[in-house]
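Participant: Chains A and B supply the protein sequences, listed in that same order.
Residue 1 is where the first sequence starts when you use this note's numbering, and the numbers rise one by one after that.
Residue 225 is where the second sequence starts when you use this note's numbering, and the numbers rise one by one after that.
Note that these hints are calculated values from the structure, not bench results.
Don't take each hint at face value.
[Said to hold, decoys possible] Derived list of chain A stretches under chain B, where covered just means 3 residues or more per stretch with a C-beta under 8 Å from a C-beta of chain B:
| hint | segment |
| --- | --- |
| 1 | 34-42 |
| 2 | 137-144 |
[Claimed, not checked] Now the in silico label distances, taken between C-beta atoms and shown as ranges:
| hint | chain 1 | residue 1 | chain 2 | residue 2 | range |
| --- | --- | --- | --- | --- | --- |
| 3 | B | His-284 | A | Gly-83 | 47 to 53 Å |
| 4 | B | Gln-290 | A | Asn-172 | 18 to 24 Å |
| 5 | B | Lys-321 | A | Pro-86 | 56 to 62 Å |
| 6 | A | Ala-213 | B | Glu-342 | 25 to 31 Å |
| 7 | B | Gln-445 | A | Phe-217 | 42 to 48 Å |
Glycine included, C-beta positions come from ideal geometry on N, C-alpha and C.
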Amino acid sequence: MFSEADLTALVITLKLAIITTLILLLLGTPLALWMARTRWRFKFLLEAVVALPLVLPPTVLGFYMLVALGPHGPVGGVMASLGGPPLAFTFTGLVIGSVIYSLPFVVQPLQNAFAAIGRRPLEVAATLRASPIDRFFTVTLPLARPGFFTAAVLGFAHTIGEFGVVLMIGGNIPGETQVVSIAIYDHVESLEYIHAHWLSGGLLLMSFLMLIAVYAFNRRFTVI
Amino acid sequence: MRRGSFSLDVDIKIPCRGVTAVLGASGCGKTTLLRAIAGLDQYPNGFLKVADMIWQEANHFIPPHQRPLGYIFQEASLFAHLNVRRNLEYGMKRVPKMERKVSLINAIELLGIGHLLERKPDTLSGGERQRVAIARALSVSPQLLLMDEPLAALDLNRKQEILPYLESLHRKLDIPVIYVSHSPDEVARLADHLVLLEAGRVIATGNIHGIFSRLDLPFTQGADAAAIIEATVAAHDDEYALTYLDFSGGRFTVTRQQLALGSKVRLRVAARDVSLTLVYQTNTSILNIFPTTVDEIKNVGPAQVVVRLLLGDGVCLLARITRKSVSILGLKPGKQVYAQAKSVALLC
């Protein structure tokens, strides 16, 4: 079944996906809210930037991030000069890469959910004495709940499935940055098909169950 | 205020009691005006004072959630994630206990929605939803109630379902209402005071009886021109199944109404149902005949005119007759004539 190294890879993968999803929900919510409401003329530029990870080959994204996060890159360099930890080939670097890589999968469902609510319920709430923050928690959040669920599951699942970005900026350090998708690749390279089967089958099953959950949940919460 | 090529220029004072209707064709700025009053849209250089409180002036803008108003939108716009009860409680919970004047029970009873409390909005009919929305707006004990065509999204039957509630609201609660509408009929039933808007400009303002009988305004030009008269139920005649309604110019006889003696009613007398005679007719089936004085005559077509008649104490009747009749009877301002009203409609 699973070797110890496989289990470690699995734990790292889940940890990465959970942390990435939480960060994305925190950052993605205000961004999506702003994008859904703003009448800013150049909003389309930002939308294109957010959507870039959808079309770019992950290796391209990973390559640029390796350059940026490396000790001589703009981000890594600043971190190093401030005495911060290195980012390339670390778990932290993986998280940063994953957040960018999975950004559209969280922001787009949220943005659609917020846009679908429209202004009216918020205006009604305003005339019923609710302050802007009150309105967010009592109207926007509950009405966008299916959107949040979709965003969380897609962000999580997409992070689990990443390969190229992780390989570029994480390297393949067992116990540190080796995730399941890379472990599978290693097994195949070494012709360990049984191990590859177990990990692949596990991932397939997990992804399928999560998607079933998304569709079942969103059917129950069809927006009126 | 200005948005794009549309500008709204409104400088009016309206009374702080009763129902003020803002009437105009769609696109004339009615909703824009209402949203500005609510603070939902912010326009620079506006000034708004309600009762003794300034809601907006040069460097001062009270956001909508701090204005003590109730707003009823054209669509009910109930919160889809809350049931009826929690929709109603939403606003009430946010009003300090001291300021709560309308109780939830009161609002529920007024709108007849007690049986709907545990239902979700998507299981209600259009009329029920709008009734819940009205109750919800009342639940914040507003000092001013703003209604943006609350009946426009409903079909005729639903309208008939809601109108009585709006009328009782008006009689039972002492909350000033600004009611936006494009329908003179609705306004005739509900309003005391009228603001006429045309392309962002106020073309007339005043009490409803005065405006409805002004011959220079669009209402009196059409075939459904009518006078509105306030009357009191004076007596019932059980023998003939009739009810007598007194007003300052006389007494109307109508078919028996289920109304308590002394209750106030509003009558609508269509101009086309009023005919004029020079002498008091005794050999006629018409019961409602009043001595009047011709006040003004205005042509409203090649063959027809509208005549405004005074019935003492500021009450007016309108008669739509032919120009030929005017010359046969020799009608001119100041002339005494008898007005015969063939039918009278009770509005409320």
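Participant: Evaluate each hint against the coordinates.
Facilitator: Hint check results:
| no. | hint | verdict |
| --- | --- | --- |
| 1 | 34-42 | violated (count 0) |
| 2 | 137-144 | holds (count 4) |
| 3 | B:His-284 x A:Gly-83: 47 to 53 Å | holds, 50 Å |
| 4 | B:Gln-290 x A:Asn-172: 18 to 24 Å | violated, 58 Å |
| 5 | B:Lys-321 x A:Pro-86: 56 to 62 Å | holds, 59 Å |
| 6 | A:Ala-213 x B:Glu-342: 25 to 31 Å | holds, 29 Å |
| 7 | B:Gln-445 x A:Phe-217: 42 to 48 Å | violated, 59 Å |
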